[in-house]
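J.: Using the sequences plus the hints, can you model the full thing?
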Amino acid sequence: MEIGYYPGCTLKTSARNFERTALAVLELLGIKAVELSEWYCCGVNFSQVQDNLMLQLAPLRTLMKARDSGFTRILTLCTMCYNTLRRASLFLQADEERQRIINDFMDRGAASYRGDEVTVIDLLTLFREIGISEIGHKIGRSGIDLKVAPYYGCMLLRPREVAVDDASDPTIMEEVLQSVGCQPVAYPMRIECCGSYQIVNEPAVVWQRTRLIVESARQNGAEVMVVLCPLCHYNLDSVQLEIQRTDSRFQTLPVLYLTQLLALLAGIGEGNDWSLHSVDPRPILKAKGLL
Amino acid sequence: MAEKIILTHQKINGPDAEVIHEISGVNVFACYQCGNCSATCPAVDFMDIPPHQIMRNLQLGLVNEVLNTKTPWICLACLSCSVKCPRSLDIARVMEGCRNLILRRKYEYFNIHTLDSETRLKLPPIALIANFRKNLL
Amino acid sequence: MRKIGVFVCHCGINIAGTVDVKAVVDLLKDYPGVAYIQDYKYMCSDPGQNLIKTKIKELNLDGVVVAACSPTLHEATFRGASESVGLNPYRTEIANIREQCSWVHHDKAAATAKAQLIIKAAIEKVKLDEELQPVKVPITRRAMVIGGGIAGIQAALSIANSGYEVVLVERQSSIGGHMAQLSETFPTLDCSQCILTPKMVEVAQHHKIKLLAYATVEDVSGFVGNFKVKIKQKARYVDWDKCTGCGICMEKCPVKVPSEFDEELANRKAIYTPFPQAVPNKPVLDSAHCTYFKTGKCQICKKLCPFDAIDYTQTDTFIEEDVGAIVVATGYELYSLKSLPEYGGGKIVDVIDGLTFERILSASGPYGGIVRRPSDGQVPREVVFIKCVGSRDPENHFPYCSKVCCMYTTKHAMLYKHRVPEGQAYVFYMDVRADGKGYEEFYQRAATEDQVVYLRGKVAKLYRENGKVVVTGIDTLSNRMIEIKADLVVLASAIRPAAGITELAKLLKIGIDQNGFLTEAHPKLRPVESLTAGVYLAGCAQAPRDIPDAVAQAAGAAAMVTTLFARDYLYHEPIIAGVNTDLCSGCGICVGVCPYAARSLNRSKGVVEVNEILCEGCGACVAACPSGAAQQKNLTDEQIHQMIKAILT
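Residue numbers (my numbering), protein chains in the order written: chain B, 1281 to 1571; chain R, 14 to 150; chain V, 21 to 669.
Incorrect hints may have been included.
As the list claims (entries may be wrong) - Straight-line C-alpha distance at most 20 Å; calculated PhoX-like pairs for lysine-lysine: (1) Lys505(V) - Lys24(R); (2) Lys488(V) - Lys24(R); (3) Lys437(V) - Lys24(R); (4) Lys17(R) - Lys481(V); (5) Lys135(R) - Lys1292(B).
What the hints assert, rightly or not - Sample of chain R residues with no beta-carbon within 10 Å of chain B, all distances over it, derived: (6) His22; (7) Pro28; (8) Lys119.
To be clear, the hints were calculated from the coordinates, so they are not data collected in a lab. Keep in mind it's a predicted model, so treat the numbers as computed, not measured. Glycine included, C-beta positions come from ideal geometry on N, C-alpha and C.
T.: Encoded structure:
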């Protein structure tokens, strides 16, 4: 199966490990993700402003280009891109007046866009389509004994209309982990915000959030945490070392993209630049025989 | 104790309140002050007044007081409040409304030049762009 | 010697946890008169009752003692079991070893000893118990409803539609009550008069309902099934048989009097009907304001009446009605603003109560439904509503919640905004209690759609200044003091029982609670009955309530009345105090102490006689009788002596 693929900016830079391992895993599962020939930065954060449509131009232009390339569905790996693109198309679909104004701003001669021509999906939804047992069958290993804390964050679950699973009690990541032979760890902070972009302005917020989330996972026995969002990854991973610098009792927890773990389970060793990790995951991966 | 409020129809429905309503599309009068937004907010510890108090102040027409707080700038747009609100009010949009009202007055909350270059290089683009989107116009 | 069966209940561990039941059985098995004794886990269960029945038949027992819980719970159960196998139920007694023993002690040995004594006393009582038969009472199948508001109307219609005659007594000249004054009703905003007047007309047309308007209850005697009620028909000075309700008298009468119905915002005439849809739609003449009655001159109404219906010579008359049941539905009045000095004491014209605002909102009201304020007729732009005025204030006014204010204030604020969209409504509140069907949604609609600003706090003071009413309060949600210069202030003042309720309750021998409302027989299980058999309660006379609740309660009271009427006879407990005529000296002391007027002195015979139907078996006469002639059946002095002896020896 072929699907359009929107990478977004970070997947080409600090989240390279995510992109490489995800594409490799998808290939193993029989999915060919075809990168869009023309795409723009989505804006990262969906603009919630109701009266200024200009803030929606970037994500919508990307979707128009995808349609023009003949795609009816596109995949995003980054959850922030997913959230922004998906909400932008819903925002446009909801109102004909909005469609009229937006189309006025698009390239001369471009066919008008309604918002529903291209569907945006995320990796977990694609996994569900492929079938959780199918993933387990193709990737799973027995005897791993790895306790994994799945971390959802915000953008896959909120707002409700774009939630990829039950917004207050999701299970999809746990299902995937279980199917491939890992032990998902239940802990209360798995859908709590990591502090997001305040890493720039108010890093104290991110410090507090990271500590709360990591300690919660640790206390419940996690040996590694998996995420799907490059910003969550940066916050939860890099800040741990800063916390440890001020508090030596703080115990770190390696943070991986879910696809990094799946690739290793499938025996795909390449594609990881371990220098992009602050907390080195190699010791635990080696101990479990994954490296 | 904070200053006494002299309430009038004009104060409650003042032009700034109207702008926040237009930007956010949220009818703040539907809020019944259950406090769930504040209870669930991950950044509430860093705010000077909690989200439900922002809603209350807007109901009472205290727009300037709201705009003088740090709260909208601390908001993470994580939508925990919006999902939890029993009146299905998108409180995060109200925060966006407050931020935008200020930004549209040609005020930039955040200046990229205040970041040292080491930090700037270390941060991933996703963090910087998200931050610009919330704090600049 | 009697053959008595004793049955001792464990009540799970309720009794057996503290009382050694097996030991009790063992200790009493040889007690004189005990033919059989047995314990069982739950005597009230079917197997427990069957044990009693079997043993009565098998051993031919002529007395039973069940040692178990309080007789208020299962006396009827066990007496019924005995009766079903032919033992007179009054020969079955309860020995209360739970509430009066196991539940109040910890020491097992002492509790076991005490349980044994309680059972011994009961055995001694049964030995002297007579076989008794319930007292049979005939029923008059005709009801009276006092009060013609929505509750009284509903009760009267429900009873009449069941086929029984109803006498409906209303002290105003029209039925309808306060509901007739309301503009629209929450939470559906139906026009109040539109939904009420069809019911009023149904009353007027109902051939089973005798409507006595402009009349009051003066005296009540008798008892359930057999009441005699004396009613005063106040002088109307209009012969209603001749009057057609053409209205010429009202039109031409030169005297203007502030209208009670319009809360004094408009005038009526000295000869008037309270409102155009009045039922009966016939006027009465208010002699206190009539020029003819004051000066002997005028007589315009008499001269102009085409039917010669005006009769200045009319006087109050008295009517007596025999009824079997009475429903009291006398309704409410609002707590007077004069009693509220903190809110202007009724002296600030633009500070009004809820009913006054209803008249302002009403399309048929004094301002034709345009919201104006009373002082200058201006349309108010800033309106403050204050809830819990006099209610929930045990220190200064009343402790209870008036129940309807939350919703009617919400409705007021909403209707105000509908009429004056550019205006602002504020509600000062302590809580919003929206517990009825559709009420919470209604309240949220007012806040959301009509942007009514709810301020959580009580208003401390208000005063007049430059044509405004300055209201000072706090909003505890924002912790800020609030000041509003209001054009109009509406107070949701407390619901009070209607004037005259105390006197009426005395006539009916029914109770009144500490707040002046009528007392129900049981707050949960008998909410529409009074403690006096045959007298039922409906509407705000019992407690503040809204229209749906008042209607439901009235229908419930009516169902109780028809339940009563469905029987051929009433049966009365035979545990009553008789007279031993050999001992009675005719001193009459007992007649004075009897609270139920059941005893009377027969002067010709020189002895006291008892109306067995009225006697409630309280025993006051027994205690008062100096000669021992008054004896309570199955609670004779001799029985009590034997019981005490059993305990003390």
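J.: Hints first: check each against the structure and report whether it holds.
T.: To see whether the hints hold, each was checked on the structure:
For the hint linking Lys505(V) to Lys24(R), the alpha-carbon distance of about 13 Å falls within 20 Å, and the restraint holds. Restraint check for Lys488(V) and Lys24(R): the C-alpha separation of about 18 Å stays at or below 20 Å, so the hint holds. Note on Lys437(V) and Lys24(R): the hinted pairing holds, with a Cα-Cα distance of about 17 Å set against a maximum of 20 Å. Distance check on the hinted pair: Lys17(R) and Lys481(V) sit about 15 Å apart at the alpha-carbon level, within 20 Å; holds.
At most 20 Å may separate the alpha-carbon atoms for a hinted pair to count; Lys135(R) and Lys1292(B) meet this at roughly 15 Å. The beta carbon of His22(R) is kept farther than 10 Å from every beta carbon of chain B, the shortest such distance being approximately 24 Å. Annotated as non-interface, Pro28(R) keeps its C-beta farther than 10 Å from every C-beta of chain B; the closest such distance is 14 Å. In this structure Lys119(R) is separated from chain B by more than 10 Å, as the shortest Cβ-Cβ distance comes to about 15 Å.
Of the hints listed earlier, there is not a single one the structure fails to meet.
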